Amino acid sequence: MMTKSAHQPVVAVIAEIIMTVREFFFVVLFLFFGHTRSMTSRLIVIVGLILLAILFGVLRWWFFTYDVTPHEITLKKGVFIRKYVHMPFERIQTITRTQPFYFQPFDVYRVSIKTSGKKDDRLVFSALRLTQIEVIEQYRQQSQTKTTESKEVPKADHVYHIQTSELVVFALTSLGSLGIFGALATVISELSMHMPQDLVAKFDHWFSGQTFAGYIMILAVILIVSLVIAFARIYNRYYHFTLTRFGVHLAITQGLLTKKEIQLRLSRIQAVHYEQSLLRRWVNLATINVLLASSGRGDKEKQDKTTIIPVVSSSKAYHVLSDFLPSYRLITPKKAIGIDHAMFYELRYEVLMSLIYLTLPTVIYFGCAYVWHWPTIYSVIGIFILSVLIIYVMICAAVRMTDQRLVIEQETLTLQTSQWLTKHVYTIPRDKIQGAKATQSCFMIKSQAQHLRVIIRNGDRAKMIDMRYLPEAEVERVIRWITHVK
Amino acid sequence: MISKYAQYLPKRAKIVWVLDDLIGMLVLGLALLILNLCLGAQWPSTIIMVLNIMLIVIIGLVIGHLLLIPYYYRFHRYALDDTAILIYKGFFLRKTEAIPLNRIQNVDTTQGPLLQFFHLKRLVIVTAAHSFSIAAVDEQVAQTLRERLILAARQAREVNNDD
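For the record, the sequence lines run as chains A and B. Just so we're aligned: the first sequence equals residues 0 to 485 in numbering that gives the first Met the number 0. Just so we're aligned: the second sequence equals residues 0 to 162 in numbering that gives the first Met the number 0.
Don't take each hint at face value.
Calculated pairs, DSSO-like style, for lysine-lysine (alpha carbon to alpha carbon, straight line, at most 27 Å) [what the hints assert, rightly or not]: (1) B/K3 / B/K13; (2) B/K13 / A/K445; (3) B/K94 / B/K13; (4) B/K88 / A/K445; (5) B/K3 / B/K88; (6) B/K3 / A/K445.
One side of the interface only, derived from the structure: several residues of chain B facing chain A at Cβ under 7 Å [claimed, not checked]: (7) K3; (8) Y4; (9) A5; (10) P9; (11) K88; (12) G111.
None of these hints come from the bench; they were simulated from the model. All values derive from a computational prediction rather than experimental measurement. We treat Cβ as the ideally placed atom computed from N, Cα and C, and that holds for glycine.
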């Protein structure tokens, strides 16, 4: 059955015009601010751009047609170079629809369709009406549902809505890194009260012109403004976040100004990722993401992972999730693994690495400082910052070793680790593991320790998860389990 | 633990690596000669000095690599069993890579003139996420590996295995 080639709704022209304006923006900026431009020629440039954008917008819209059959979508696009893209529904990984605020009155969406192929193009529709999208989504669900399953569009099995209070907590605790800067600024200003007067005077002199306190004030204002902006961005992005499961399909809707909807099939999930920053550890909250396989080409929004639950109490997280990911064995690993004295070895390794990286620059610096008589205050500040950094690295390494867990249960590998104090738990089905790697330096032979790296797919790249200083036998067992996959 | 099926690369691989390094050194040596004899008079002396140091360091690295070839060869092994390909590298820093056969998406072979002369192929094994290579295997072995992998790929059809 072949349907007639269709154009996108006329509103798509707006999107095409905006796109053209973006593409030519820098050229126009260059022309506009050229040296010898008079007022009239600037006006011509602006009018020219608008006319060009409208012309291109209409042309692009006119030459962009598509067919939808029950088996595939076919696109024809391009003004000068015609391009045909076929996408069978079976290969679709995710369908994402976004609705910028200027689309809201027209009730159309921008739609982007991704496959799992690494080199494949994405299909991007500038604007489609809801009914048109629903046809595509229905065909996708039908062709990705086995014949034994019911072919009707199932009704929602489970729905999760984010509460406004949760969203506020989420936005507030997302500001972790900024919060640390804020805390640091407070500590420094506190310290400056209690430091010996001559040292403070030196600092004030060093920040010539401004007083030390003045700089702290400016820093604080910048921080507050960026906090507010960051809060607004997260609030806008996750506003009315809803997760729905229809049979073996998940749908996510979110957004205030720009509305976004993602549809995906459960079996396309490569791993479930539980994430908990230091700040959220204190308030017992966590974020749940999923890693998906998708083509990255032409992907403007380089999003690493897809959030399925922005914020949830860490004790209830897996209970809530079990409704949405019924086939996943989600467990919280308890028992620490690692050889005896693993923590000591890891810290020793970090110290050695820091020494290797820092010795040469330090020697060069002090050599230069000696030759050119650089002020001692620079060295003092430099050494202070360096020692703070090294202590931070050591703390992170210690926390990582304490957090490290590995559990194999039936067909699922659960890995827990932490990076820069953020805890990550990955729940990976055996058949989604792409490979594994064991490394052992000659210093680790006596203690029979090995590092393990598990490789899974995320987007169009590889995601490596590292476990350090595990017993050799355990690593061998894990690798044997990984390779004996159906 | 190295698998009992692990095998060394063909001995000819060593010769290929040595030739590779020698050719590299020849090219770098020529560059050094041209730099000092032809360009020495025209270019500023600091640039000549920096380029000289860089070239000599690179030549040093190539010589280091040349001397280490017996080491690389001795500890570079691969094993293919019913379920996976395993690759072993190094002695001071030991690495073992394992790829389940059913996760392999593609096997590419490349063959430069040197490898062609010695009837060897470089094997690049690609999964959905990453790729890795075996530096040199026999043409015959490369063919067998390909066939094995096509067989394995037939089972790994994603949609059929769903849920």
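Do the hints match the structure? See the list:
1. For the hint linking B/K3 to B/K13, the alpha-carbon distance of about 23 Å falls within 27 Å, and the restraint holds.
2. Taken as a hint, the B/K13 and A/K445 pair is broken in the structure, with Cα atoms around 31 Å apart against an allowance of 27 Å.
3. Of the pairs offered as hints, the one joining B/K94 and B/K13 holds, with about 20 Å between alpha carbons and a cut-off of 27 Å not exceeded.
4. The hinted pair formed by B/K88 and A/K445 meets the criterion: a straight-line CA distance of about 19 Å does not exceed 27 Å.
5. Among the hinted pairs, B/K3 with B/K88 is consistent with the structure: their alpha-carbon atoms are about 15 Å apart, no more than 27 Å.
6. Between the alpha carbons of B/K3 and A/K445 the distance comes to roughly 22 Å, so the proposed pair stays at or under 27 Å and holds.
7. This hint is violated: B/K3 has a C-beta 14 Å from the nearest C-beta of chain A, more than the 7 Å allowed.
8. Residue-level restraint check for B/Y4 is violated (minimum Cβ-Cβ distance to chain A is 13 Å; threshold 7 Å).
9. At its closest, the beta carbon of B/A5 sits 14 Å from a beta carbon of chain A; the interface hint therefore is violated under the 7 Å criterion.
10. At about 24 Å, the closest approach between the beta carbon of B/P9 and any beta carbon in chain A exceeds 7 Å, and the interface hint on this residue is violated.
11. The interface hint given for B/K88 is violated, since its Cβ lies 9 Å from the closest Cβ of chain A, which is over the 7 Å cut-off.
12. A distance limit of 7 Å between C-beta atoms decides the matter here; for B/G111 the minimum to chain A is near 24 Å, and the interface restraint is violated.
Violated hints, in rising order: 2, 7, 8, 9, 10, 11 and 12; the structure is consistent with all others.
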